[in-house]
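Asker: If you want the building blocks of each chain, they are given just below.
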Amino acid sequence: MDQAMTQAPEGELDPEIVLAEMKKNGVTHVVYLPDSETNSLYRLMQAEPSLQVIPVSREGMAFSLATGLWVGGKTPMILIQNTGMMESGDSLRGWTMDLAIPVVMMVGYRGWTRHGVTRDSAAVFTERFLNAFGINYYLVETSSDAPRISTAFEEAARTHRPVAVLVGDEYHGFNG
Amino acid sequence: MFQMAEMLRIFAPYRGEAIVFPGHAGREWIHISTRPRRDVSLSPPPPMGGQAAFACGLALAQPGEKVVLFDSEGNLLMNLGILATIAQHAPKNLYHFMLDNECYATTGGQPVPNAKNIAYDVIARGAGYPRAFAFEKLEDFSANVASIMAQPGPVFVALKVVPEIDHKPVGQKGGWQKRTRAQILQELRAELGITAPSCTS
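Sequence order for the protein chains is A and B. In this text, residue positions in the first sequence follow the numbering used here: the first is 1, and each later residue adds one. In this text, residue positions in the second sequence follow the numbering used here: the first is 1, and each later residue adds one.
Extracted from the complex, chain B is given alone in its bound form:
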């Protein structure tokens, strides 16, 4: 296992112009990213389970843009079937990283089902992803990230990260994101040359 922030710092130089949907890593990524208008760092986060489907939709809509998702194992377990949908449409611009801390960190660290015994890369490959990896050591991730980002997607990358328990009442969560969700979506759409406004709050 390794620290999420260390992994993100290793990833960052390979991001290029990619759109990044950092999920629960948003609170760390916001301090690392140099392209915030291309980050979908939504706080409060939208419902668990939909992150990979959102990234799939964005990748299919924008085939000329790389889309990087930092999913989590708790999210993915809620909707494993999305792996089959992604594999069927096989967006070459989708890079699906999954942070596996073996628990639900925002609710107190309770373990996810069968937390220590799931081979997510095997599941992704079985669902039809042409490439899937799993890394438990930061040095192995560091040695492979350039190659992963240089090749076409869809690719799945399971990463074992140290749990960072963030168990607070709902009203006390967040605060790291100063932009509203409306601003985030509007600025991303502007970056992509989409002129019709969004109007969420």
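This is chain A alone, in the form it adopts within the complex:
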């Protein structure tokens, strides 16, 4: 694999480390709708024999599909963008929350800015949305934050609720 694709610059989130977190937590299936930030992670997931990547064409489907996988004994993870998460509100509620499905959703935080003015309404409403649903979340910006992904899995398993990981960094500059 292209070395430039697999090593993230310091201070960014390395998709190899994200993949390692998935494997560490026993993820069997990633239910997924792509966004530009996760392209390099997608390539890694596709190449990982222990993972089955299931694309959907609308994010709401990811929640019911993940529910079916979990009821069938697997460990799914949902990988979507914040825009799609907001579109999926009722599926999040009625499938994963009402049926108490312990699933981690990794959410691309489009528009996230640490210090600047947030101009993208997708970012403005992301945490408000999660708070309205009572969904706990962890922000991951760099590789050093990656252990929070495991924290999210542990919390989901303990509480039987969905837990979000907000990816506050683009996989920029090394994803081909």
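Keep in mind the hints are simulated off the structure, nothing from the lab. Computed from a prediction, not measured in an experiment: that's the story for all the values here. Treat the hints with caution; some may be incorrect.
[To be verified] Capping the alpha-carbon separation at 30 Å, the derived lysine-lysine pairs in DSSO-like fashion look like this:
1. LYS92(B) <-> LYS23(A)
2. LYS74(A) <-> LYS92(B)
3. LYS168(B) <-> LYS92(B)
4. LYS178(B) <-> LYS74(A)
Fit chain B to the supplied structure of chain A, relying on the hints for placement.
Answerer: Chain B only, in chain A's frame:
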């Protein structure tokens, strides 16, 4: 068009050990099924639009078990894209029946968009399902159901059924299912040999 309950009674002998997700047919299926621990008869139902994705996930998770879904056209129209996802992964154990009553029965019977002119089997085939059928007469369904269930999935079967309008306030719906959703999921997972508990209410 034919009655949903009559169709279910014709289907029942071919169910075998399959997991059945009856959707809105649950209130009829509960009186017909002889394997309730393998029925995912959830009441109140989870949100519309996700039924086929749920069944797809269950089928992919349990490739050794047949999974039978009784979808509805209102559900499917909310998320037609799931047909492409199912066709891509092509679970050989998924049997996707779709009950088409041409309306939203639980809200008073308003017609679904273009209710009388959609060829759902053509859409499924176009999305990549290797086999798709449509039946408007019960005798035709009866003549083909054995063959449908004997061959590998994924298969799509559109069935024209008589609308059974069930327009009640939310608090007065249901009541036919005495098991909680938690019990249903726990008992199914136990049937499948999955030991970790579920804890929904």
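Asker: So, for every hint listed, does it hold in this structure?
Answerer: Hints, verified against the model:
Our distance criterion of 30 Å between C-alpha atoms is met by LYS92(B) and LYS23(A), whose separation comes to about 27 Å. Distance hint between LYS74(A) and LYS92(B) is fulfilled; the C-alpha atoms sit about 18 Å from each other, no more than 30 Å. For the given pair, LYS168(B) sits about 38 Å from LYS92(B) by alpha-carbon distance, which is inconsistent with the 30 Å threshold. A threshold of 30 Å between alpha carbons decides the hint, and for LYS178(B) with LYS74(A) the separation of about 27 Å falls inside it, so the pair holds.
In summary, the structure is inconsistent with hint 3 from the numbered list given earlier, while agreeing with all the others.
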